[in-house]
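Heads up: the protein sequence lines correspond to chains S and C, in order.
568 is the number of the first residue of the first sequence in our numbering; add one for each residue after it.
22 is the number of the first residue of the second sequence in our numbering; add one for each residue after it.
Keep in mind the hints are simulated off the structure, nothing from the lab.
In this text, a Cβ means the ideal position worked out from N, Cα and C, and glycines have one as well.
Now the stretches of chain S that chain C is said to cover, found in silico as 3 or more residues with beta-carbon under 8 angstroms:
#1 587-600
#2 689-702
#3 739-750
#4 796-806
#5 810-822
#6 840-854
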Amino acid sequence: MTTQTRKLRRSKKPPIRWQRVVLYVVLVAFAIFYLMPVYVLIATGLKSFAEVNLQRMWNLPTGLHFDSYMKAWFGSEVEGFRGLNVNFMNSVYLTVPATIISAMWGSINGYILAKWKFRGSDVLFPLLLFGMFIPYQSILIPLVQVLQRINIFGVKFYGSIPGLILAHVIYGIPITTLIFRNYYANIPTELIEAAKIDGANIFGIYRHVLFPLSVPGFVVVMIWQFTSIWNDFLFAATITSHPASQPITVGLNNLAGSYIVEWNVQMAGALLTALPTLLVYIFLGRYFMRGLMAGSLKG
Amino acid sequence: MRRWSWERVVSILLISPAVIAIAIFVYGFIGWTAYTSLTKWDKLLPDFTLVGLSNYRKLFAHQRFQIDLRNTVVFTVLFLISCLIIGFVLAFLLDQRVRGEGIFRSIYLFPMSISFIVTGVVWRWLLNPGSAELGSTGINALFDMVGLGFLKTGWYTDPKIGIMAVAIAATWQMSGYTMAMYLAGLRAVPEDLREAARVDGASEVQIVRHIILPLLQPITLSAVIVLGHISLKIYDLIVSMTGPGIGFATDVPAYFMWDTTFRGNHFARGAAIAIILLVMVAVLIVPYLAWSIRTEAEL
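Kindly generate the complete structure, drawing on both the sequences and the hints.
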């Protein structure tokens with residue numbers, strides 16, 4: 568039904584004002600609930616050290632001070648803790664290549680599973696998908712043992728960013744394949760058949776027909792992978808043990824777990840950690856939603 | 022069955038790296054973990070002497086593991102119920118032609134884009150009860166400010182309700198997701214159906230109970246399964262928010278697994294916990310996967 572007729576039908580009912588008021592009150596109350604931690608994060612981060620006080624957590628800052636952010640970013644030699652700057656860059660070096668490789672690989676898998684079905688591919692697909700639901704604890708012990716043994720051209724995989732990239736790319740196969748498969752399944756087979764008649768082969772069809780149509784698919788998959796790799800903690804904490812090679816979630820957890828770090832610095836660190844994925848959400852929220860829905864399979 | 026051509030061979034070659042990777046890194050590793058769980062490996066150096074199911078027997082007799090299982094049940098029930106109720110209420114309200122719907126939706130959903138580590142760090146301070154000498158902090162201070170002081174509690178510092186405090190933070194992060202799922206479902210309920218019920222004299226409450234909720238049942242099922250498997254696997258939030266807590270009040274199997282394996286070097290025991298976690302998740306996910314694939318095939 569179109570929104571036009573919807574509006575007409577609904578408007579026949581006499582408007583009951585108080586119901587609408589209650590409706591908005593409830594909606595705003597929930598909005599406050601969701602935004603409350605953001606308020607504390609931002610307000611605390613902007614307070615000067617003199618103003619920071621747990622008991623006055625909810626007070627507005629009196630001015631703009633970036634001391635907490637500076638300390639969270641650069642650390643403090645005097646107090647003896649590391650800042651998050653190194654960890655932030657580690658996360659960038661991890662997330663960017665892992666996201667790109669994941670998306671490319673997922674696109675190829677999705678192409679085959681959507682357009683080149685073979686005997687057994689319908690059995691294969693759910694077996695592949697199961698990999699995205701498993702608790703990763705069930706593969707961590709062998710993963711660590713294997714990564715400890717991999718050493719390609721002097722690049723160590725255990726304790727390093729390349730090892731983390733490998734883990735994220737492999738355990739990202741199910742979700743990236745799923746999203747691309749569903750995306751390509753919606754592209755009419757007639758287009759493929761027409762390209763075949765024009766003499767295109769399996770590579771040509773991908774390169775000239777599907778790939779140019781894939782941009783939205785790539786955006787969804789890359790946002791999904793970027794967010795989940797940036798936010799990951801389990802792999803990061805298990806595979807990297809040296810502070811200089813740890814991604815930002817581990818860095819933040821160390822910062823927050825240290826008794827010498829003031830809580831306002833922890834809050835500033837939390838905001839720095841959240842910022843990249845928050846920006847992605849704010850600017851590309853629509854695509855973020857699609858990935859989310861694919862995550863629950865029915866998309 | 023189409024005839025074999027070089028393109029069919031190429032298509033299988035293109036999908037095989039992903040298939041091999043998943044076969045090794047998911048299924049092979051799970052098998053390896055399962056094997057490890059049957060051995061005596063209890064210190065840093067591997068010891069693959071088989072001891073049967075004794076690790077599992079010891080585990081179920083272990084007090085910490087019993088507390089963990091109870092915590093998982095309590096956490097899952099609280100988390101699921103609050104996410105489902107809040108998600109449905111918000112979706113239902115947003116479906117009433119609300120002005121600024123997009124803004125409300127974005128606010129409710131943004132916590133999804135943030136790492137559980139960030140959520141944990143922020144909520145640890147929000148639910149920090151403060152102390153008798155220094156006064157209340159966080160939410161307790163907020164209760165004082167608005168005259169609801171009687172609601173103050175020890176949150177995660179109180180062993181009796183500690184796990185509930187973690188469930189509040191998890192609900193904050195994930196309830197927007199249920200809202201989005203329900204909203205998509207509500208938009209698919211034909212207006213005619215509600216209109217017909219209204220003509221028959223049904224009240225709005227009756228319409229929700231007898232028409233909308235039954236139609237949304239598949240969505241409720243999806244939400245229960247997606248949230249349920251997240252809640253069984255919950256780890257990051259515990260690490261950053263509370264740790265295992267006093268008397269393991271906020272400990273969960275996933276935390277116990279990591280702790281005992283990578284800190285305590287009790288690899289066999291860790292592997293046994295991992296396999297139990299995997300079985301719990303599989304019980305939830307495998308029927309769902311089968312169902313999703315089947316309903317998809319019918320389309």
